[in-house]
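Engineer: Here the protein sequences come in this chain order: A and B. Per my numbering: the first sequence = residues 1 to 316. Per my numbering: the second sequence = residues 1 to 316.
FYI, nobody ran anything at the bench for these hints, they're computed from the structure. Computed from a predicted structure; not experimentally measured. Check before you lean on any hint, since a few could be wrong.
[As the list claims (entries may be wrong)] Beta-carbon label-pair distances, calculated as ranges:
{"hint": "1", "chain 1": "B", "residue 1": "A6", "chain 2": "A", "residue 2": "A116", "range": "25 to 33 Å"}
{"hint": "2", "chain 1": "B", "residue 1": "L279", "chain 2": "A", "residue 2": "T7", "range": "35 to 43 Å"}
{"hint": "3", "chain 1": "B", "residue 1": "D255", "chain 2": "A", "residue 2": "A120", "range": "54 to 62 Å"}
{"hint": "4", "chain 1": "A", "residue 1": "G27", "chain 2": "B", "residue 2": "A250", "range": "39 to 47 Å"}
{"hint": "5", "chain 1": "A", "residue 1": "D297", "chain 2": "B", "residue 2": "N111", "range": "28 to 36 Å"}
{"hint": "6", "chain 1": "B", "residue 1": "A293", "chain 2": "A", "residue 2": "G81", "range": "54 to 62 Å"}
{"hint": "7", "chain 1": "A", "residue 1": "R11", "chain 2": "B", "residue 2": "Q82", "range": "35 to 43 Å"}
{"hint": "8", "chain 1": "A", "residue 1": "S179", "chain 2": "B", "residue 2": "A116", "range": "17 to 25 Å"}
Here a beta-carbon is modelled for each residue, glycine too, at the ideal position from N, C-alpha and C.
Protein chains: 2
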Amino acid sequence: MEALRATFSDREPRGLYAPIDYILDLGGKRIRPVVALLAARAFGDDEDHRLGMPVALAVEVFHNFTLLHDDIMDESPLRRGQATVHEKWDVNTGILSGDLMLIQAYQHLCNCPDPAALPALLHTFNRVATGVCEGQQYDVDFERRMDVTIAEYLKMIELKTAVLLGGALELGALAAGASQEDADHLYAFGRLTGLAFQLQDDLLDTFGASSDTGKLQGNDIIRNKKTFLFLKAIELLGLEGREELNQWFAASPEDPAEKVIRVTEIMQSVGIPEAVAQLRDEFQEEAYAHLDAAGGDAATKAILKDLAEGLLQRVS
Amino acid sequence: MEALRATFSDREPRGLYAPIDYILDLGGKRIRPVVALLAARAFGDDEDHRLGMPVALAVEVFHNFTLLHDDIMDESPLRRGQATVHEKWDVNTGILSGDLMLIQAYQHLCNCPDPAALPALLHTFNRVATGVCEGQQYDVDFERRMDVTIAEYLKMIELKTAVLLGGALELGALAAGASQEDADHLYAFGRLTGLAFQLQDDLLDTFGASSDTGKLQGNDIIRNKKTFLFLKAIELLGLEGREELNQWFAASPEDPAEKVIRVTEIMQSVGIPEAVAQLRDEFQEEAYAHLDAAGGDAATKAILKDLAEGLLQRVS
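Chain A with its partners taken away, still in its complex shape (with noise of 0.2 Å):
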């Protein structure tokens, strides 16, 4: 994304603006500015994006300042392949550059050309960036439970990461003058398109291949989150193999190996992988619905359609 390289300047002090410009380099699907400037065409934003680049900007800048933070709280020592920015500066350097991401997210926003538009904007903007913060303090609150419900892990992901994908939606729209129902239905298709994603990053971190995610396998695992596999699978066995999960899930052993094979292999015992695409596809249908609802242009709508399906066709 050409217009994110061009924000990226040689300002200093560098060690707060370095680290900026190398997470918003390190890639990434660019998935929800994608969205954003879809949906501001959608409702009659022109070819080079006036109207919907400011808020393309801010979701994506505003993502990777949570991705910044987050890898802080999990101590993950690899984003998209590379190493994160607390490894290669330090965890007080990625504090500071997270907070200035932020600030820079409402930066873009503030630059949209159509100043009656901004009350709006920064209304949903808000709601947004509050929605993924609750998300991610309840991420981390169900590390430490072991009575967390499929309802509390789902309203978790829903916050932290579908809210996200569902506002860059939605602010696209408003930034192009569409109504607030049209955006509501466009928040919707995206929330739920998030979610659905959101059940498939969770199968791609136990069942998928490290090469393909740049993430540790079974990370999940590892680290003993409560996901909608284990609460799932947590469900489906019977006390003998609850049990064992259980106790596997209590541990934290320093060759994590064993255990992210037995794991899975439990999990492939009482169909997760199946279950897991289940609930998935009935978040997507009922997205389309939503998307189907919106008003707006058909052909736009149908490259947002096609784009929702090849998120969620990474694995079967």
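We have chain A already, so just place chain B on it with the hints.
Structural biologist: For chain B alone, kept in the frame of chain A given last:
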């Protein structure tokens, strides 16, 4: 400040919101919101602070966000005589609750009743917030450097603290519909008062008693901070004294008592308290000239001047 406490909520998750209520409830002088309200009053705000209150809350929440994250970076155990957030909870809580406070600061700003004022308020707020982050980075950088100049140090404290005091005044004036020229004069008044105050604060850190400040006495010396006191002493000392001072600032003894006593003596021997007081008074005079040059209600400006006097009279 009752309006601040009114922002407390029992929203979930508590792990995210409780630390925010905690730090906002620790107190402090509330100097930034007070001057924001006075600046708005000087340009016609009513007695209920309808125009000034959103920016007053924004700057106070932003200020406390910076304290929260700075305390993590500085590994400070105490803030206003109480446990810092990362001590009472943990570092991750401090990072995330701080992030949400930055979002909440923008939320308060967006509550300004006049949508037409919003673009200018956001423009100023973004500029100020960026400056504060840059100042914190310079502060961190300077701890590792032995060649910081007095000019660099003054630039750092301007960004880290003075810009926000100026920003509070500028935002208050803009919220009440002041011209940018008047708002700029109030900004300069705040910026120069902030510089004077920071010099005072450095003076107190070394020459004040810890029961007055709620901080460890000589904390800057213990942490080898190149404050104005250190830099001016290096300038004024002979070769021998300079070498001794540099040696003390290259060491981090387990028991710092002797270091604090000896460094304080060295500084006194070349008249540092007097030199700091002189520069402080120069900033103060220039600050008052800008206050006089600004438009607005004279009686309210007189209160602003009294406040500045009070801030700077804490030691003679």
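Engineer: Checked against the structure, which of the hints given earlier come out wrong?
Structural biologist: none
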